[in-house]
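Below are the chains, spelled out letter by letter.
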Amino acid sequence: MSADKSDILQGTLDLMVLKTLDAMGPLHGYGIARRIEQISEEALQINQGTIYASLVRLMQKRWISGAWGISDNNRKAKFYSITKAGRKQLNAEAENWERISAVIGRVLRLADRG
Amino acid sequence: MLTWIRTLASRTRTWLSPREVDRDFANELDSHLYMLTDENIRRGMQPEEARRAARIKLGGVTQLKETNRELRGLPFIETFLQDARYAFRMLRKNPGFTAVAVLTLALGIGANTAIFSVVYAVLLKPLPYANPNQLVSAFQANTQEGVPETGTSYPNFEEWRAQNHVFSELATIDFHQLTLTGLGDPSEVNTCVVTPEHFAVLDVKPLQGRIFFPEDGKRGAPPVVIVSENLWRGTLGADPKILGSSIILDKRPFTVIGIMPASFRSPFINSKPEVWIPLVQDPLFGSWMARRGGHWLAVFGRLKPGVSIAQAQAEMDAISERLASEFPAENKGWTVRLVPMQKEIVGDVRTALLVLLGAVGLVLLIACANIANLLLTRATSRSKEIAVRTALGAGRSRIIRQLLSETAVLGLLGGVIGIALAYWGVRALSSLLPDNLPRVNAIRVDNFVLIFALVLSAIASAVFGLVPALFASKLDIQSSLREGSGRSGESGNRRRARSFLAAAEIALAMVLLVAAGLLLRSFSKLTSVSPGFEPQHIVKAEVSLPQFQYSKPQQWTAFSDELLAHIQAQPGLQNSAIAIPVPIVDGFINLGFEIEGAPPKSSTESRTADYASVSPEYFHVMGIPLLSGRLFNQQDIATAPPVTLISKTMAQRYFPNQDPIGKRLSFGFPPNPGIPREIVGIVGDVRDTSLGDAPGPMMYVPYAQAPFWGADLVVKSTLGTSAVTVAIRQEVQKIDKDLPVTDVGKLPDLLDASVSQQRFRTLLLGLFAAMALILAATGIFGVISYSVSCRTNEIGIRVALGASRAAILRMILRETLLLTFAGLLVGIPCALVASHLIGHMLFGVSANDPVTLAAVASTLTAVATLAGFIPARRAMLVDPMVALRHE
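In order, the protein sequences belong to chains A and B.
Residues 73 to 186 (my numbering) make up the first sequence, in order.
Residues 3 to 889 (my numbering) make up the second sequence, in order.
Some clues are possibly wrong.
To be verified - Derived DSBU-like pairs: lysine-lysine, alpha-carbon spacing no greater than 30 Å straight-line:
(1) B:748 with A:148
(2) B:650 with B:748
(3) A:150 with B:67
(4) A:133 with B:59
(5) B:59 with A:150
(6) B:59 with A:148
(7) B:243 with B:253
For the record, the hints were derived by calculation from the structure and aren't laboratory data.
Bound-form chain B, shown alone (with noise of 0.2 Å):
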C-alpha cells in the first residue's frame, strides 16, 4: 500500500515537471550511448560503425524516451486528456454529426433517467420512514370465500397485538374525511384514523407537542387532535398557541397536541394527510369498534430486530387459529397474511413501471445503435488518418482507446444534456402521472438517478463506441494509404455490421411500436365500452353528514328527501337522484346475498352481488334500461316493504331459466344486515368496479330503505358543471349551513381519471414507440445514404452502360427493403414475445392481434421506405460524366 502511494507521488511529481525529466532521461541514454560506443571502439570498431553497433545494443531511443514518459507520468490521465482535447476538436469539426448523435444519445438518456427517477422513487427507494425493512402489513385472508386480502376487525386487532411475540408494536390506519367548522367555509379534511402507536411504529417526531399516548386510544378520553405542518401553517393561520386549543370536526372540539412535519405520509394513504385522530373518536369508524367481524382495518407493524417475516408469519398463523376456534362465528376461515410493508404500497404498479423501463431502454438501445452507425461511417472516412497512426507506431489499443475517449466525449455530452432534459421530463411526467400511483411525492431527479443517468451514459457510449473502435482498428494500413480518399474501399465486414446495426434498429423499432400499438387498441377500446349508463351532462357531487349530529338513519332519509326536493324545485336541476356509491367513481361495495327458498350454497360457490342504494330517480338520470318489473317509486319507503331491483347478470347467473320477480333477497349494508327483500325488476347491467372489468351481479335497494350517512347527488343537466354546483352548494347550506359539498366533478371527467393510470402508459410507450421509429428512420437513412455515396462511381458506370434511372432507383430501394424486411423477419417473433409480456394490461384485443401486427410491419416499411426513397431519389439523378470522375 506504502508502496503504492510513493509510486504515485513520484509520478504525479515528474507529471508535473515533464520537460525536465524528459531532459534528465535524455542526457542518461546519450551517455549510456557514449559508454557502449566507447566500448565497441575500444573492442576495435571503426567509430562509425561502433555508434551504430551501439545504437542496436540499446534499443530504439524514441521508443525508450516513450516507455518512460508512460512509466514515470500518469499516462492514463494524460492520454485521456489528451485525447479529449482530439476529440473535441474532430467533433467540432463535425458539427452535423456532433449535433446528431448527442441529441439522439441525450433523448435516450433524457427519456431513460426521467423513467428511471419514477421506478426509482416509487419501487426501490426505501419507504421514509426509520428502519423500513422491519415494516409489515398484516391482512386477513380467506381461501374457502376467495378474499386474497383484506382489513380486519378491531377485537381481532387487539388480540394479535396482545398474543404475539414477533412485533415490537402494532398499529392500525383508516382515512376518510371529516369536516372542518368553525375557520371559514366548512370544508373537508383528510383524516387519518388510527390507533395511538401509529406513529411509535413509524418511528416519528412531530414537529411540535406530542404523538398519541396510549391513554388517548381508551374509551372515554377527551378527543385529541395532531394536525400536519400544511393544515397549521395554512388553514390554521400558524397559531403559534395552537397546542392545547381546539378545532371543531364534524360539529365536535378536538384538542390539537401535537404538529406533524409537513414531510411525514402515513402509509397506504396517497393523499395528503391533514388530521390524525385516535380510532375511539372517529365519528365512523370509533362506532364499528366493538364488532368482531367486520373487516375494515388496516394493520401495519414492525418486527422485532431479528424476527424474520417468515417468524411472525408462524405466529400469526398460530393466533389466527386459536381466533377461529375461540370465536368461529367471525374467524372461521380466516387466516392472517403478512406482507413487506414496500411490497403492500407498490402493488401492482411494478409490473406496468418495468414494462415502461423496458421500453426506454430499447429507445436507448436504438439511440446507440445509430449512433455506432453514424461512428462507423466516419471510421471509415478517417481511414486513412488512423492508418497513418498505425505506420507511425500506435499500437491497436491504443487507437482503440482514442476513439473511445472519443465516443466518451459524445456520450458525456448526451449525458449532460440527456440530464438536463431529464430534469424537465420529470415536471413534465409529473403532470402526466395518475393520481393514484403510489409515493409520487418522492419523484425526483436525485443523486442516485444522477448517478444512474451518468453510468447509463458510460455504457452507452461503450456500447456504440466499441465496434466501430473494434472495426477502425483492425484496419489494413496498407490499402487504406494507397487509397487516395478511402472513401470508396470499405471493408465488407463494415458494410454488414452497419446494415446489421440498421436492421436491429428496425427490429427493435418493431417491438417497441407492437406494443405502443397494442396499448393503444386496448385504451380505445377501454374508453369507448359502454359502462351501462349514460354520463353525459352528469354531475357528481358528495355530502357528508356529521355522525354526531346526524346519528339516526331517519335523519338521514329526512335530510336527503329534503335536499333532493330543494333541488329538483331549481330550473333545470330537475333531473336529479341520490346514489351510494356511484358507479367506477366511488369504487364498489361487494355484500354477501342469500336467495330465500334456493337450496344452500356448495362451498365452493359464492353468493355475492355489488350493491347501491340509490333514490328512484337514479335509474332515468343515469339512463341505465329497466329490462322487465319495475323500478323503484316514492311508495318504497322505510315502512314499506323491503325491494330490491337485481342486474341483467345477476338474473342470468343466479336464476337461469326462471322469473325472478317475486323472488326474495336477504341482504344488507349496516346497520340492517340480512333484511329479506322482494325483486321487483331487472335493470340492465352497469360497469360499477372499472371501465376494464366486465360487469358482474349487481343487486340494487331505495335509498329510503337503506340510507346512509351521507351521500353522492348525481344530476342531468344541461347547465354548465359550475352553475349546478352553485346551487347544490346553496341548496346544502340552506338546510344546514356547515355541511361542505366535496369532490364535485363531471361524470366523464371522472370516468376518464379513473383510466390514468391507463391513458399514462399509453401514452409514454406510444411517445417512445415515436422515438423508435424516427431513429429508425434516421437509422435507415444513413445506411442508404452512405451507401449511395459510395456507389456513386458504381452507379456513373452503370448509368453510362445504359441502365435506366427507374433500374437505379430500383436498386436503391431494393437494398432498403432487403433491410427492412430483415429487420422486420427478426422484429415480428420480439414483438410477440413482448405483447405476451404486456397481456395483462390489455383489453379487448389479443396480445397476438393480427391487426396490430400488419399495421405495425407496413408503417415501419413505408417509413423505411421513404427514409430510403431520398438518397435513393440522389443515386437516380447521378451524372455519369460527374459520378465517373468522382472518386
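With the rest of the complex left out, here is chain A (with noise of 0.2 Å):
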C-alpha cells in the first residue's frame, strides 16, 4: 500500500468498514474485506490487510468492538460489531458522506440493498 494511497483512503475506509458492520453485523477482517470488494466491483483495488489499520483506529475510538469467536467454516477468527458509538457517528458523517466521491455513494447504495 503506497503512502499516497492510505492518506486518501484512510478516513474513507473508516468510514466503510463502519457501513459494513452497521449492514451485516458482526464480521471478522476478511469478511469485512471480501464484503467492500465485491460491493466496490474491485473498483478498490486494496491490500486486504489495509483494512486492519481501519479496524484499529475504530477500535480506539470505541466505535467498534472486537471478539473472538468460531467462523462459518470453523475457523477461529475475530469478528468486530458497531458500538452504540459507532452508530452515532455514522449517523453524524452520513450527511458528510453523500457529499464524498461517487464510488463511495455507490458502495453506500449497494450495502443498504444488501
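Since each chain sits alone in its own frame, please combine them into the complex, following the hints.
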C-alpha cells in the first residue's frame, strides 16, 4: 500500500468499514474486506491487510468492538461489531458521506440494498 | 475531544502490554490468511499457489504488523525512547566526539543563558510593583534650552497633582545620605526623600507599622521615618519595640512608624535604601520646597485604569501650558514629558546588553556550526550503517528522526551542563557587573531563564542536527553498501557543506573579533586619555555637615577652614584641598551664566558651563595648570570682591580673540545666584563629566566665596590610603565627633570605577570573541584533518609519483587558506555592519578602523593556518606504502 493511497483512503475506508458492520452485523477482517471488494465491484484495488489499520483506529475510538469467535467454516476469527457510539458517529457522518466521491456513494447504496 | 482521549487511553493500554496484543494480531492475520487460502482452494488453486496468492492479497505481513504496532501504541514516545537509548550507546562509544560536542554546546548555552539572565532581569522582567504597566515617570523638558529631561519643583508638582485627572496618584522621590548617630559610630544612611504618596503609588505594604499618611507631608508635622528591614535587623538590632521610638538623623530625632520589607526598593535608586523620610522633613531638600524655579524633584505616578500614556501626556501638556502662562518666569518654555517607568529605569543600558546578547548568540551559532561539522563527519563514517537501515526498510523520515534523536540527546546533555555553567557564570557576572547597572539585584537563573536555556538547546540541536541528518538520509544505498569502509567515498555535496560551515565559522568569528577589537581599542584609549588632572596618589573623602546644626554658610566656611588647617598641619598631608564637586567622581554641576557687557545671547545659543567651588590649593593638588592670570589665594574670602577662574575651552569659546582676564561673569549656585565675578585667570581643561566626554567650558569659584553644606577633601600624599583615611577621620572627629567621613577612595580607583560599564562590555565581548576564535579554529582543524584522512590514498599516490613533501604541505595549506579567505570575504562586510551598530560605544576609533580590521584578519588567518598545519604535517609525513594500502 503506497503512502498516498492510504492518505486518501484512510478516512473513507474507516467509514466504509463502519457502514459494512452496521449493515452486516458482526464480521471478521476477511469478511469485511471481501464485502467491500464485492460491493465496490473491484473498483477499489486494495490489499486486504489495509483494513486492519482501519479496524485499529475504529477500535481505539470505541466505535467498534472486537471478540474472538468461530467463523462459518469453523475457523477461529476475530469478529468486529459496531457499537452504539459507532452508530451515532455513522449517522452524524452520513450527511458528510453523501458529499464524498461517487464510488463511496455507490458502495453506500449497494450496501443498503444488500 | 472525548474520542481523542479514548484513543489515547486505548493506545496507552496496548502500549503497556505489547506482547499480548502482538500475538493477538498475529493470530488474526493467520486466520485471515487461512480464510483467503480456503477461498483460493475453493476456486480451484493448488494449496501451495493458494497460500502464495493469499499472502499477496493480504499484503506484507511484517509491514502490517509494523503498521499495527505504530497505530496502536504511542509510536512517538516509543521510537524516541528507542532512538534515545541507541543514541546514548552511540555517544558512549565515541567519548571523544561526545565530549567535544557536548562541551562546545554547553559553553554556548551557558554563556547565552548567563547573558540572557542579565537581559531578562534588567530589560524584560516587569518592575517588582503591582501593575507595573501603569507606572509612569514625569519630567520637565525644555527644547529651547536643550534640556531633554530634568526634575521639577515642589510647587509645580503640587499643581500637577491637583489639576490632573489621569493619574490615580503622583509622588516624588529624591535621594541622598543623612547621618545616623546615637548608635555606635556615626554612619551615613541611604535616605529616600519622598512625598507621602510614594508607597501608595507603588502599592506596597510595610512589614510592620504603617506607610506615610498625607498629614506626615504637611509643614509642622512631627518628623517620622520608615526604616528598611535590613537597617532594622542590622544597626537597630531588630529591636521589637522600634515602632514609636526614635532614631537620630542629622542630629534630629525621627519617630519610626514603619518597617519596609528587605525586598522593597524605591524606583530609580540603585543603592539599597535604608530609611524613607517625608520631603518636608529633609534638611536639604525640605528648604527648597517653596521655590518654583528648581528642577530637582523626580516625579512618578500611577495611571488610572484604562488611561493610556498618550491621554495622560495630552493632559499634562495642557497643565504645563497653564503653568507657563501663570508663572512665566519659572515655567516659560518648559513642558512635561511622560515616560513609562520601566523604560526610564533601564535607560541606555539597553543597547549595550542587546549587543552582548547578539554577540553571545553568534558564539552559539559558531558552536552549532562546529557540532554540525562534527556530525557531518560522523555521518559520513556511518553511511554504511544508514545504508543498511534504509535497505531494511527504514524510510527517510525514520532515519532523520533517528539522527535527530541523537542530536536531541546531545542537545539535552549540552543544555544541562550549559545550565550548570550558567549558574556559575551568573555568579561570576555578578561580581563583574558595574555598580550603576539598574536592577542588578534581580539577576538570577530563574524559571523563565531555565525555559529559555532549554528552548535554546532544543533549537540549537535542531539547527546542528538537521543539516547532517538531511544529508545522511539522502544517501545512495547502492554505492554506500558497495564501498567497504564507507570512508573514502564522500559526496561532493557533503564536503561542500562542511567547507561552507567552516568558512561561515570564520566569518562569524570575524564579526565578533572586530567588535571586540574595536571595543578593546576604545577602552584602552579611554583609560589612557588624560583627564586634565593627575589622579595619582590622591585620596578623596567626603564630609557632609548636618543641616540643622550647620545651617549658615559662614559655619560651612568656618568648618572647612578649620578642617583644612588641621589636615595640612599633619606630616605628609600638606598637599590638601577642598572641592565640590570632584570631577568625574562626583558628577558635575552645570550652571547658566551671563557675560557682563556682552550682546544678549540669541535664542539658540546656550551659555552654560560646569561649575566647581574649590579651595586655593586645589589646582596644585590636582595638577591642573594655570595658563594665564592668577590662581585663587587666601585673600579671596567671602568679604573680598568675588572672583572666578575659567577653563581654556571656556576662554576660547566665549572670548575668542580677546583676553578674558578682568571681564566679569555673573552666575552662582544657591543661595547666591547671579553674582558678578571677575575673571582672574585661565586654567587647563578638565574632563569632569566622564573620561569619554571631551572637556566643556568650566568655571571655578573660591570655596570661601561659595561654600556648601559639605565638601570633598582631596589629599595628595605618598602615605598609604589607609594612613591618610585614618588621619582625615581623626581630624574630622576632633572638630565634631558626630561627623562621618564617607566615600573614601583613591582617585585612580574611582576613575577606574567610572568606566566599569565599558570595562564590563569590553571584557565580555572579548571573552566571546576568544571563544569564537577557538571554536572557529577547531572547525578548520576538523575539516582539514578529515579532508586529509579522506585523501590519504590520493596523497600516497602523489608521493609515490614523485610529489615533494613540501608540495603536499602546500596543497593542504592552500585548502585551509581558501576556506579562511572565503570566510574573511564574507566576514569583513558583516563585521563592518556590526561595528557600525556599536558605533556609539566607540571612543577614539572609527567603526571602519583599518588597523583593527587588518589585525583581526591576520590573526584569523594565522590561527586558521596553524589549525590547518597540524593535519597538513600529517599529510606531509604520509608513507606512500601505508597510504596506498589504506582503504
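Violations among the numbered hints: 1
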